[in-house]
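So the sequence lines, in the order shown, correspond to chains D and F.
Quick note on numbering: the first sequence equals residues 6 to 287 in the working numbering.
Quick note on numbering: the second sequence equals residues -1 to 294 in the working numbering.
It is worth saying that the hints were derived from the structure and are not from the lab.
Heads up, the beta-carbon is just placed ideally off N, CA and C, and yes, glycines get one too.
Honestly, I wouldn't trust all of these hints.
[Claimed, not checked] To be clear about the criterion: a stretch of chain F counts as covered by chain D if any three or more of its residues have a C-beta under 8 Å from a C-beta of chain D, and this derived list gives those stretches:
| hint | region |
| --- | --- |
| 1 | 13 to 25 |
| 2 | 53 to 67 |
| 3 | 79 to 93 |
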Amino acid sequence: MDEARISRHGSRARLWLAGGWLLIALLAAIFAPLVAPQDPLAQDLMLERLPPFWLSGAEPGYWLGTDSLGRDLLSRLIFGARIAFIVAFAAALAACLVGSTLGLIAGYFGGFADRIISRIVDVWMAFPPVLFAILLVAVLGTGLSSVIIAIAVIDWTRFCRVIRAETMGQSRMDYVENARIAGYGRIGIMLREVLPNVVPSIVALLSLEMGIAVIVEAILSFVNLSISTDDPTWGGIIAEGRLSIHQAWWVLVFPLVTLILTVLSFSQFGEGLRARFDPVLR
Amino acid sequence: MNALAKSCLDIRDLSAVLPNGLRVLRSVSLSVQPGEVRALVGESGAGKTMIGKAVLGVLPPSVRIVEGDMLLEGEDLGKLQPKARRTLIGARTALIPQDPLTALNPSRRIGPQMTDRLVRILGWSGEKADTRIRQLLDEVQIRDPERVLKCYPHELSGGMRQRVLIAAAFAAEPRLIVADEPTTALDVTVQKQILRLIAQLQREHGTAILFVTHDLGVVAKISQKVSVLYAGKVVEEAETAALFAAPQHPYTRALMAATPRYTDPLASLKPVDEAVLAGLAAEIAAADQAWRHPHG
């Protein structure tokens, strides 16, 4: 009882903290032109490598300092959040849709469908994901949609595996057999009886996948394979920061912290949501 | 109509095999008359649950029926198209399952879960289904139906869930209910209430029940007829009273001897005798020989 209360308390705090950070980041991304203190692309060599506000030599209006071209770091992070969130939502949703559908079919119908789908997943997962992504973007060409497609193409297997296993477990439950006896059709049972019991897992995975998409996007922009180099991306900023780490550590540290907080928040938010959604855990 | 067509359930020479050729049901014949409770007893693995599943059309995919007929109120299930069979089974039968914990969908509230079937499968109006469900919940002595209908399954105790499932089984007025060890997963104290409840509803609704159990005490309390099953073969069949008064088959006698008694709990726990098992093995072998012969 006490343990349940503590874990419920913990899950609520987790949900709020993670959700809070994601909301702030999301709002900043949506209203970037209004929120960002400076133009993220404006270079000013007079203002290069300004430190963050609490160090001496900082300029007001450049809260987190500037990079070696004198561009405002905070504004670049805020505009970078736009790309991070677009990729996170679009890629994770696409991966989820494909993977969950196939997983549900494989897990519920079993047999031939399961064998085909599972073999595809096995082969798919044998590719190293980051190399696969780089290869895909190289083939598709850089750009936002290529990044999204690449992530979805790679990561649907994650959904497929988990949802398949979950569906298999649920399908063996007596309530599914009961629905068969009552005369429901197979597809009706899959959608009406089994799917709702798998949704908590889908939600948790979806949120986790958004975090993963953010990381993959950062990796791709780190190696300059994401979108055009003009637009600020977190990965791109990290790559620039790496070059000037001895002169301006903040250009590396702030995007890293932002990235870590965002990815962590996505996974924690997913866990928190699962606890909310699942009638048994609730 | 002849006499046979009037039985609620008629199983004739039903044989089912596993992929490796092993027979799990060995020419099982039994019938359940309307309003009658037929008990199916045997140890675990004897195939009693398998018979129930065969009737309800939910055998595991690996088990294949190779011979025999099943007639539900005179309709040959084997001759119907799958869709028609499903509809017939859905309308005329119901299951009271063994494990009430997994037999309710955990993500749906009790109310919609119970009415859904009446509305979707039987085409009742939502209002009619709702009234019916409340009436049934009252019959299974659930005192606060309002609360129960709004609950998720995990918010109810095992006994309550089994009551809900019994109510759901009787709600559509099926002609035949398969009760698959409905009390095994419950507390001993609750078992008695649930059993009494099933017996009471069975009498009031005149529903025929195929009652699967391994407990001879339960058989004596609830059934009018018994089939004793061993290794998928009916070894003895009789009226319940007659069976308890004078069991014919040595295996039935051994089973009765193995039932614990309060008066002398330890002395009466006898395992089935070696000689009886040897006799059974010979009987099964002879049956398989005779079965294979005409079929090649």
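Taking the hints in turn, this is what the structure says about them:
no. : hint     : in the structure
1   : 13 to 25 : violated (count 0)
2   : 53 to 67 : holds (count 4)
3   : 79 to 93 : holds (count 8)
Figure legend: structure checked against the earlier numbered hints; the only hint not met is number 1.
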